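Residue numbers (the numbering used here), protein chains in the order written: chain A, 202 to 486; chain B, 202 to 486; chain C, 202 to 486; chain D, 202 to 486; chain E, 202 to 486; chain F, 202 to 486.
Just to be clear, a hint being listed does not mean it is correct.
The list treats identical chains as one, so a pair stands whether inside a single copy or across any two.
[Claimed, not checked] Calculated cross-link-like contacts (lysine-lysine; reagent style DSSO-like; alpha-carbon spacing at most 27 Å):
no., residue 1, residue 2
1, Lys205, Lys301
2, Lys346, Lys205
3, Lys323, Lys205
4, Lys301, Lys346
5, Lys323, Lys301
6, Lys346, Lys323
Hints are computed from structural coordinates only; laboratory data are not their basis.
Remember, predicted model here, so these are calculated numbers, not experimental data.
Number of protein chains: 6
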Amino acid sequence: MLNKNVLNFIGCDCGYDEAETVLFGAPFDSTTSFRPGARFGCQAVRMESFGLETYSPYQDRDLSEAGVFDSGDLELPMGDTGLSLELIEERCGRILEDGKRPFMIGGEHLVTLGSIRAVRRKYSDLRIIHLDAHADLRDDYLGVKYSHACVMRRCWELLGDGHIFQFGIRSGDREEFEWARGGHVEMHPFRLEGIGDAVRRLSDCPIYLTLDLDVLDPSVFPGTGTPEAGGAGFMELLEALLEICENSTIVGCDVVELSPHYDASGVSTAAAGKLIRELLLGMQH
Amino acid sequence: MLNKNVLNFIGCDCGYDEAETVLFGAPFDSTTSFRPGARFGCQAVRMESFGLETYSPYQDRDLSEAGVFDSGDLELPMGDTGLSLELIEERCGRILEDGKRPFMIGGEHLVTLGSIRAVRRKYSDLRIIHLDAHADLRDDYLGVKYSHACVMRRCWELLGDGHIFQFGIRSGDREEFEWARGGHVEMHPFRLEGIGDAVRRLSDCPIYLTLDLDVLDPSVFPGTGTPEAGGAGFMELLEALLEICENSTIVGCDVVELSPHYDASGVSTAAAGKLIRELLLGMQH
Amino acid sequence: MLNKNVLNFIGCDCGYDEAETVLFGAPFDSTTSFRPGARFGCQAVRMESFGLETYSPYQDRDLSEAGVFDSGDLELPMGDTGLSLELIEERCGRILEDGKRPFMIGGEHLVTLGSIRAVRRKYSDLRIIHLDAHADLRDDYLGVKYSHACVMRRCWELLGDGHIFQFGIRSGDREEFEWARGGHVEMHPFRLEGIGDAVRRLSDCPIYLTLDLDVLDPSVFPGTGTPEAGGAGFMELLEALLEICENSTIVGCDVVELSPHYDASGVSTAAAGKLIRELLLGMQH
Amino acid sequence: MLNKNVLNFIGCDCGYDEAETVLFGAPFDSTTSFRPGARFGCQAVRMESFGLETYSPYQDRDLSEAGVFDSGDLELPMGDTGLSLELIEERCGRILEDGKRPFMIGGEHLVTLGSIRAVRRKYSDLRIIHLDAHADLRDDYLGVKYSHACVMRRCWELLGDGHIFQFGIRSGDREEFEWARGGHVEMHPFRLEGIGDAVRRLSDCPIYLTLDLDVLDPSVFPGTGTPEAGGAGFMELLEALLEICENSTIVGCDVVELSPHYDASGVSTAAAGKLIRELLLGMQH
Amino acid sequence: MLNKNVLNFIGCDCGYDEAETVLFGAPFDSTTSFRPGARFGCQAVRMESFGLETYSPYQDRDLSEAGVFDSGDLELPMGDTGLSLELIEERCGRILEDGKRPFMIGGEHLVTLGSIRAVRRKYSDLRIIHLDAHADLRDDYLGVKYSHACVMRRCWELLGDGHIFQFGIRSGDREEFEWARGGHVEMHPFRLEGIGDAVRRLSDCPIYLTLDLDVLDPSVFPGTGTPEAGGAGFMELLEALLEICENSTIVGCDVVELSPHYDASGVSTAAAGKLIRELLLGMQH
Amino acid sequence: MLNKNVLNFIGCDCGYDEAETVLFGAPFDSTTSFRPGARFGCQAVRMESFGLETYSPYQDRDLSEAGVFDSGDLELPMGDTGLSLELIEERCGRILEDGKRPFMIGGEHLVTLGSIRAVRRKYSDLRIIHLDAHADLRDDYLGVKYSHACVMRRCWELLGDGHIFQFGIRSGDREEFEWARGGHVEMHPFRLEGIGDAVRRLSDCPIYLTLDLDVLDPSVFPGTGTPEAGGAGFMELLEALLEICENSTIVGCDVVELSPHYDASGVSTAAAGKLIRELLLGMQH
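Isolated chain A, as found in the complex (with noise of 0.2 Å):
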């Protein structure tokens, strides 16, 4: 008898039950403001892994050792918001009760509030470390409070003051600057020095990793809806990466923002994808 096409991200291989870590994929890009298709992300960073190998020589560790496990993509209602936030939440609530760690694929940036939800319900303490261009923070965009515009506003009125902090921010409103500056957030403008210094002092939280990738420069990532000039490299982002996951406990995950179609040349699936394994690699314990 032949078998069904199985479709995981290269090397992750691993059975549910032994699984430390799952991935899925969150599709949905509907309150995207200015070029949509990031849905398309998480599908084609899977079918493209295959272009990686599965071993890192930056860790000396391989992807087939690591215990992680690929649920698929979630089927979420593009025009409906909400349904989709909740798709999210129980996905990633399912595979935390499991005693799992939900590594998601987006998708907007939008989808990370469901996943938050879900994780802060298991992990009253937690800390969001957000590396991204785009500092999110507005109360609403075009009137819709839902949007990716506004993500980490969303993610603040659930945990709070001093629970948030930016890495990479480079473009926002006025507004949104004054009121990170407002001691709401702890945002480190520009670049993604001072990580190290941050992630050593929250060393006994747990951290919800949120990578918007376009943090990185648009020359090594091209590939997403808004591409912002004078961003990170890619070693610059991947040590900082790599730091954050010796130095704290990350008990969720997501990357957020590939957009393939703007990714004419496959460089910043392939980036995407190398970023996935080394964090899924990184996160083991």
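Following the hints, put chains B, C, D, E and F in place on chain A, whose structure we already have.
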């Protein structure tokens, strides 16, 4: 003193008061389930209209004499379908109140619903002529009622049985085809045949024409979210449109589902612009 | 417990035991002489099948009731033609032994040879219906015998004179056309005319259908390695395929030469998917 | 000793002395008003000719026996229209002096003027057969007399009334159409019908054939600067060209307006190459 | 009454009378020798500016308060270099007469000559700061004097020795480099080092800044006609520009050579828009 | 009499007898496992070389004085690896016999093996300097020994331990890294550091330089089959290459893995061309 940069669809330079027809764009694609990007359609077709002539050798008429005012694009909030439909209804209503004919360029097909809400308030006896590859008759799509895939069903809820005439339909699920055969709408599958007959039967009724450009064969019109092989040729569609214009009173109109990111060569945008020119010229009286 | 990520061609969710037809992909293009990339065809058509409906209004049938199992793609070693053909022959043979019909998606056209080797072991009286822009009748190409450009000549070596029926051929060197006229194969150049007659003459024989998608005109199907202007329209091909299905017993089938990297708009992949759906539905009994 | 890298259009390997026809490229597009890039046409069609066969099954002839020499591309100074036209006239004149037929590949349509200047010096009774989507009959374009949009008007100034026969025209301003109807040129709008009649009427005159490839429908030929929907199919054009070849004496020829940057799939370049092959074969005597 | 569709660069909504700086586009690329398309740069950067914020976190300033009026694009006749330069000179002169600073967006680099002609009439002591990958110092290019490749030589003819300061130059022929070393211009090859020193030396002179965007490395800015590897990083350029703004009086400015057709991902257009925003903010006083 | 169309890499117009270096292309990619298309690299880099200057401001030398002959591309049979390697070996051997230096442009990396076979026959003490993102040290890949992924292992079989020096390696499976550490080759992972030391140690040995362009970061060089983030910058690589040229005797060289179909903007092809120019200039003596 220098002037501000006014950008109109080519030849649509009439003053508002003198205008018979008023163009506007509805850059919304938040419910698109497969490949988004129709939001860029109205902007692209306006920009690329400068590759066209204002003169039509088919009708021996010129756009510069056709009484068309271009009121630009609405600013629609992605992720908030309800508010977006209200803004469309409002713009369309305003144009109708001023005694002019609204001509909307999408965006995805759901925008038609906003326009129909306004037009039927003025014309209670309204009929819809619907050219499309897809039936768009689902009651819901993944639980979402206000979806592009349901737009004709929502219009039917407003207008009732026998008021919608569909042509070119070649995709849908079994239920949609059966529901159509139940007499709710008059569906002519596959081709545009019969459109002349239908139009002549309806010659006493006010007509709203909704043209989903994917009714064209993808060879002619690749730049759309869900290309469906086996459609109409360009001249076949142009002749059908001119026949509608000649034999009926069009009180409102839209052209939707141009998605320029899937139109690497620009031929779809150019074809859309040419069809819009011919419709604007043909609807004059 | 969450499930693994199973990815099938849309609607092909039948269990293996119940299946009448078994799909598999042969992602091989190592002998392509002009523009490679057909290796990505089978994967792309599966992914993009989700833009299709499972229901065919042409046949009033639905893929979810068609008894099709999708066994995924073979892993074929680029650079080793012999081994790749063996792996194809093995998969195809296995499906035939289990009493099912193999349906292969290429890949370049040479993959047909692997399949024919298996099918003719079971059906000694096999006939091949071959739709293609290119004759593929060379004895060798730059000294290479196992090349896409020679595949029908290699099949002829297995089946002998009078067993291959070619339609739509519009490219080849003078020798190929003369060799064909020598009575070895029955070649119908340029168009698909005569296919109904041929099929009815063959109604008692087991048929293998090999569809090189470049038989379509490049306007309809640009996404292929060697586009050749002057080909069949989509409806012309669809009608020919349905005529074959209705009047013959297809015991094996392949669809080859989709090369998605030359399909910027996606229309070729969508057309291929629709033809595969129609063939899967039409071959049922 | 190794040889230099000689690059010819496929099969055009005849020596200069033996040649009946001499190919050259005119990579100029400096006056293109909408989308430039036709300068790349001649180079692209030569490179991609290797995806063609030298043999034509339509004419049962082979390019390797057709007596064609490829003299490569001129080096034309962008920004200097006058000098560019002189260089074209000089190359063309040289070929005619040597008793051969010039065959120019553009470039934009203005290059035809350089060629006509040379050809009419030799053939005072010259007639032009002009296949195009655009009339190109403006007296000036934004004040520029030597523009692609005026090229046929400039040719008319050289040849006088009744010497230019246009087919397929479907775009222009009102003045161009009226001027044509004034009897200066014989314009057959929209399609290629009537071309056989005209050619037979002209069978005693030397003919210059200028083929603007945008006469083809953009579905068949997207790769051009100003695609204009509603054009000729490939077979319709091929049959018209073969009819011209058979019934007239072509003393010079050009094929213009391939713009490969708008031809992501390569189908336009392939179609242009095939038409050039058929013309080169058809013009032989 | 509805309004006409006014399209400005984001945040440039100041009235003309109040404006300190006036934007205009010069969509000309008729002399481009390699890959054309810079004509589309000004339009593209305006459209894509809506992916930017009006607020700069680098300068803590907002475009909506920067006193910028956008006067749209000139209509320039391709193929007529002389007339095009006159139209640019006229627009630029008009802005200067009204006591405002002209800010031109190209187009190819030759457009700078039109602007310099106007600016030097008002500022006889003008100095040019020129950032570019290419020296643009040829006396002619294929016999053409008014070519993008000669633009700085033509400017030198107007301003004389010692008035032009070049940075980032990494391409040219041997003669250009030797001519520069002859003391006619001050050329700083390869990088932007020394720009601070130069600007401080020039702090008493009126400065015209001409920024050829290909001074950026192609990784950051692929979307240009002649990409030249080994250029400046985005932050390196931004810092240099802010240093110029702070330490000098810019009386005119242009940003040229964005060619959006070579910018599939959009990152170049986005980077250009961000640099324009920063320049508009930095030049304010 | 007109000349044939000779096409050389820019400035490589030396006669064969006078030439010190002989260029040739090896358009082969039949074993590429992930994304094919490197076969188009040699042709593309030659065509696009006309966007470069022949003069290098880095070395103050000019290609037109560098003694380079361009012998064009081999015609290699896709699907027949053995024969293809033989044809490469033969061309390379011929050039060496004539006392000249072979400079091969790929194609995929396996082509290096053909070249090494010829070069080591002449230089028994040969050392290889290998710049690459990938180790290419597998013993086989899916059972295939003659694969791009095994090319350095095959070269090691010819040269033995300690003769291969790798730089920039950042991808491979665990076995490759361990095998390298076993002393068979000298691998410098991740960056190009140490290349100066190595070259000086090897200054007495004949050197073969093989440059897999994917050693560059994908931001600089997206146009390759398997982009691997975290690579070298352009200036870092250029400086390393000039250091090799200055301090060693290069007796043969290749540049491989440009895949222009993944290079929508053309920056990779332009960068490859510039590196080839610098190598051709730097290797002169």
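So, going through the hints one by one against the coordinates:
1. Lys205 x Lys301: Close inside one copy (26 Å) and across copies (16 Å); limit 27 Å.
2. Lys346 x Lys205: neither (42 Å within a copy, 30 Å between copies)
3. Lys323 x Lys205: Between copies only: 25 Å across chains, 35 Å inside a chain, cut-off 27 Å.
4. Lys301 x Lys346: neither (31 Å within a copy, 35 Å between copies)
5. Lys323 x Lys301: For Lys323 and Lys301, the Cα distance is within 27 Å only inside one copy (12 Å; across copies 50 Å).
6. Lys346 x Lys323: within (25 Å within a copy, 34 Å between copies)
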